[in-house]
Amino acid sequence: MNALTVNKMTVVYDKQPALEHVSFSVPEGSLTGIIGPNGAGKSTLIKAALQLIPARSGSVEVFGQPYKTQKQLIGYVPQRSEVDWDFPTNALDIVLMGRYRQIGWFKRATNKDIEWARACLEKVGMEEFAKRQISQLSGGQQQRVFLARALAQDASIYFMDEPFAGVDAATEKAIIQLMKDWKQQGKTVLVVHHDLSTVEDYFDHVLLLNKRPIDCGPTQSVFTIDNLEKAYGGSIAFLQKTTAAGGRQ
Amino acid sequence: MSYTLWIILTGCLVGITCGMSGVLLLLKKMSMIADAISHTVLLGIVGAFFVSQSLNGLPMLIGAAVVGLATAFFVESLHRSGIQSDAAIGVVFTSFFALGVVLISFIGDQVHLDTKHALMGEIAFVPWDTLQINGESYGPVAVWMLGIVLILNLTLIAAFYKEMKISTFDPQYAKLIGVPVVLVHYLLMGMVSLSTVASFDSVGAILVVAMLIVPGATAYLLTDRFLTLLLLSGIVGIFSAIIGYGAAVYWNVSIAGAMASATGLLFMVAFLFSPKHGWLMKKVKQRRLAAGS
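For the record, the sequence lines run as chains A and B.
Counting in the working numbering, the first sequence runs from 1 upward without gaps.
Counting in the working numbering, the second sequence runs from 1 upward without gaps.
There may be inaccurate statements among the hints.
[As the list claims (entries may be wrong)] Subject to a maximum C-alpha distance of 30 angstroms in a straight line, what follows is the list of computed BS3-like cross-link-like pairs (lysine-lysine):
id, chain 1, residue 1, chain 2, residue 2
1, B, Lys285, A, Lys68
2, A, Lys15, B, Lys29
3, B, Lys29, A, Lys112
4, B, Lys175, A, Lys183
5, A, Lys131, A, Lys112
6, A, Lys123, B, Lys29
These aren't lab readings, by the way, just hints derived from the structure by calculation.
Keep in mind it's a predicted model, so treat the numbers as computed, not measured.
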């Protein structure tokens, strides 16, 4: 079964199309990398799919049902730079935000919720920073707090927007471990990613995008030089470098 | 209760009511909308007068809430359509306020409501304008209005505490996980509008702006915790009112002006000497770092 199906998604910024008729689907339990050059609309695609920004047209289905009715299944890790880390609160508190649906309106987090949040922090190696002010965390640690928050949601499909951007080795390891765990639990993961050299190691599926979808499917069949050339417009030196790093002929 | 105590109580209520709702705007980086709302409510007050022919309580609160929400709505809409948010605030703020000023001149001779009054207020007259029921006097109207708005604000903050926190920190994520982000936004705008109009008559727009923005900015320098920040903003508002009143009596100057100045003074003290984010501590830390390396 397809965990996510996007139909003819078009997004327009200031009359410039950011995405044109993007249709693709990813199977349940897959680990999909969304790859493409800068400005290809990778982040725009997940934001539009999650209805965080308006799309001009298009529809989204999650496990065969309209997105609107399936929101509770979605976990999300935004780009770290999208929030103000000077906000007065600590790491545990941020992770607790992921439990919002379970806690409900007008209610306070119970001890069970707090334990759950702590366990999530522990999974990403951040348990000792639970009470740390978020502005005093390093970039990688902040990223791990976001991972823990998504983990706390206990979702079925996870969307991550450039989680590897500018993080340290420990955080990179934590993200990879988390993706493996999710895959093992049969969860579906979509990751906006820009480092071509790691695509084959991290993902079993790839969506190659440049405003339009170039190709989507299992990594071996999609992550080819031909396709990359189509997506990146044949900037030769760049492609040769990625070939050396593992792109397939 | 003596006149002095009524005036101080009014100032304290303004401080705590505006301080607590204002700091939420500060966290959303929308402090300037406080400035806008505190002026545009004038239009609401005048509008309410046209409809109800009185300058009292409920119609005024409703009028101000409507115009306050309209201000927030138009600023948001203009911003969405591509105008910078500070310009959007400027446009909406000045046009609504100007419209209010024009309308006031139609009714200027009927009631005691003029632009000078709207800007500076007159807190010294608060104790005389009392709530009368069957000939009995039940304390100043301003205190009643502020008290009701404060209780309403506290109730809303308590009820939507989580929602306010999440949607302020990360509005997109909040939307995704089912927080009613738009509702919470307009609740906050409603709180600011009501706080403004309840304070407006007694202390004027200038002190309202000061009390909405400065106590929050001061508290922000003193703590890293959300709840503490909320409470501290209210407390700084109260202290500003008390210090301001003392200064006004001592130097025989405008009470509202002195209270507004006191907020600035407290901010400067926090800015220089806050143990967490103060200028002095930063210098000390830099020196220690330099010495250590």
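Now the hints, each set against the structure:
no., hint, in the structure
1, Lys285(B) - Lys68(A), "violated (51 angstroms)"
2, Lys15(A) - Lys29(B), "holds (28 angstroms)"
3, Lys29(B) - Lys112(A), "violated (33 angstroms)"
4, Lys175(B) - Lys183(A), "holds (26 angstroms)"
5, Lys131(A) - Lys112(A), "holds (17 angstroms)"
6, Lys123(A) - Lys29(B), "violated (33 angstroms)"
Taken one by one, the earlier hints fail for this structure at numbers 1, 3 and 6, listed in ascending order.
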